[in-house]
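Engineer: What follows is each chain in one-letter form.
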Amino acid sequence: GDSVTQMEGPVTLSEEAFLTINCTYTATGYPSLFWYVQYPGEGLQLLLKATKADDKGSNKGFEATYRKETTSFHLEKGSVQVSDSAVYFCALTQGSPQLSFGAGTTVTVRA
Amino acid sequence: NAGVTQTPKFQVLKTGQSMTLQCAQDMNHEYMSWYRQDPGMGLRLIHYSVGAGITDQGEVPNGYNVSRSTTEDFPLRLLSAAPSQTSVYFCASSYSGGEFDEQFFGPGTRLTVL
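Respectively, the protein sequence lines represent chains G and X. Just so you know, we're using my numbering here: the first sequence kicks off at 1 and counts up by one. Just so you know, we're using my numbering here: the second sequence kicks off at 1 and counts up by one.
Extracted from the complex, chain X is given alone in its bound form:
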């Protein structure tokens, strides 16, 4: 199993550009989520999904869109990038979305918006 994979590893954008961060998992997990990691702030939840076709907002959803058309994939879209979105982005998944489930994290995407 590859676990949780994310692409790209690094990305530089100009303000106003759009892009999609890819996330895939091969563990047949129902629950997937996106976090951003900023210095001194830990990780904050952006969006999450409890299954294909179902998504919801987390703590910091503004400026980001998601969709979940398959169990395996959960892409994160930035429609018009802003410097405030410079961050490291992590995708995570867990088996059923239970409170006690271990969450598995991808290696992250480091995004810089100029």
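Same shape as in the complex, but just chain G:
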């Protein structure tokens, strides 16, 4: 079945550092790809998405490009802030609204 693998955490960074979280997927067709973020004590929120190959999703300074050739959807941000401390989930859907999630990566940004 479809699955998502994302880099293990936790990740600890200093403010203004560059953040990359790797995400790769396995799917038989052409899935839609998502990044969700979970801030402490809250539910998940959609951060960005891409629905076809070579699409770039972006939001709040975060970017991810749908790479079909490498089956990847890595999340990047050029300069993180303390407020970016959260758990980040890579996820996919294919033909239905049912999301398949990765295990999540905990990111802590220190001032």
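Simulated from the structure, these hints should not be mistaken for lab results. Don't take every hint at face value.
[As the list claims (entries may be wrong)] Reference listing, derived: stretches of chain G covered by chain X, where coverage requires no fewer than 3 residues with Cβ under 8 Å from a Cβ of chain X:
(1) 41-50
(2) 53-62
(3) 102-111
[Unchecked claim] Which chain X residues face chain G? A few, computed with CB under 10 Å, are given here:
(4) Q37
(5) G98
(6) E102
[What the hints assert, rightly or not] Pair ranges (Cβ atoms, derived):
(7) X:F10 x G:V82: 25 to 33 Å
(8) G:V82 x X:T86: 45 to 53 Å
(9) G:K52 x X:R110: 33 to 41 Å
(10) X:I54 x G:G9: 32 to 40 Å
Quick reminder that beta carbons are idealized off the backbone N, C-alpha and C, glycines included.
Take the given structure of chain G and dock chain X to it, following the hints.
Structural biologist: Chain X alone, transformed into the frame defined by chain G:
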């Protein structure tokens, strides 16, 4: 709009007890779903509904029941709680259940089964 609301926020049960986790949304969304979140495993789909009166099983449905009598509400029932059901439970909804629809998540219910 309140969005997706869940009650209670925290719950402790003894093995064998039953309870219902409540979920409601005020966005007139057709699609609603329940996930459980466990460390190192991401979120896994328990049950979902594409509209009032229609429910179906997800990846991990055993031990859970659902019903959808109204568009707004989608309660999750544990008939006989087990320690393996200790988890954080999230309810989610989306407008039409389309593959590209953004899903909106509630704040979660943290359940401990002793």
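Engineer: Measuring from beta carbon to beta carbon, are V82 (chain G) and T86 (chain X) in 45 to 53 Å?
Structural biologist: This hint is violated: roughly 31 Å between Cβ atoms.
Engineer: When you take the CB atoms of K52 (chain G) and R110 (chain X), is the distance between them in 33 to 41 Å?
Structural biologist: Cβ of K52 (chain G) to Cβ of R110 (chain X): about 37 Å, so the range 33 to 41 Å holds.
Engineer: Once the shortest beta carbon distance from Q37 (chain X) to chain G is found, is it less than 10 Å?
Structural biologist: holds (8 Å)
Engineer: CB of F10 (chain X) to CB of V82 (chain G), is that within 25 to 33 Å?
Structural biologist: 27 Å Cβ-Cβ, so the 25 to 33 Å window holds.
Engineer: The hint names G98 (chain X) as touching chain G; please verify it with the least Cβ-Cβ distance against 10 Å.
Structural biologist: Hint holds; G98 (chain X) Cβ to chain G Cβ min 6 Å, cut 10 Å.
Engineer: Count residues of the stretch 53-62 of chain G with a Cβ under 8 Å from any Cβ of chain X, then say if the count reaches three.
Structural biologist: violated (count 0)
Engineer: Please verify the coverage claim for the stretch 102-111 of chain G: does it have three or more residues whose C-beta sits within 8 Å of some C-beta in chain X?
Structural biologist: With 3 residues closer than 8 Å to chain X, the stretch 102-111 of chain G meets the three-residue bar; holds.
Engineer: E102 (chain X) was flagged as interface toward chain G. Is the shortest Cβ-Cβ separation under 10 Å?
Structural biologist: Status holds, d = 5 Å.
Engineer: So is the stretch 41-50 of chain G in contact with chain X by the C-beta rule, three or more residues under 8 Å, or is the coverage claim wrong?
Structural biologist: holds (count 7)
Engineer: Given the range 32 to 40 Å, decide if the beta-carbon distance of I54 (chain X) to G9 (chain G) lies inside it.
Structural biologist: With Cβ atoms ~37 Å apart, the hint holds.
In summary, the numbered hints that this structure violates are 2, 8.
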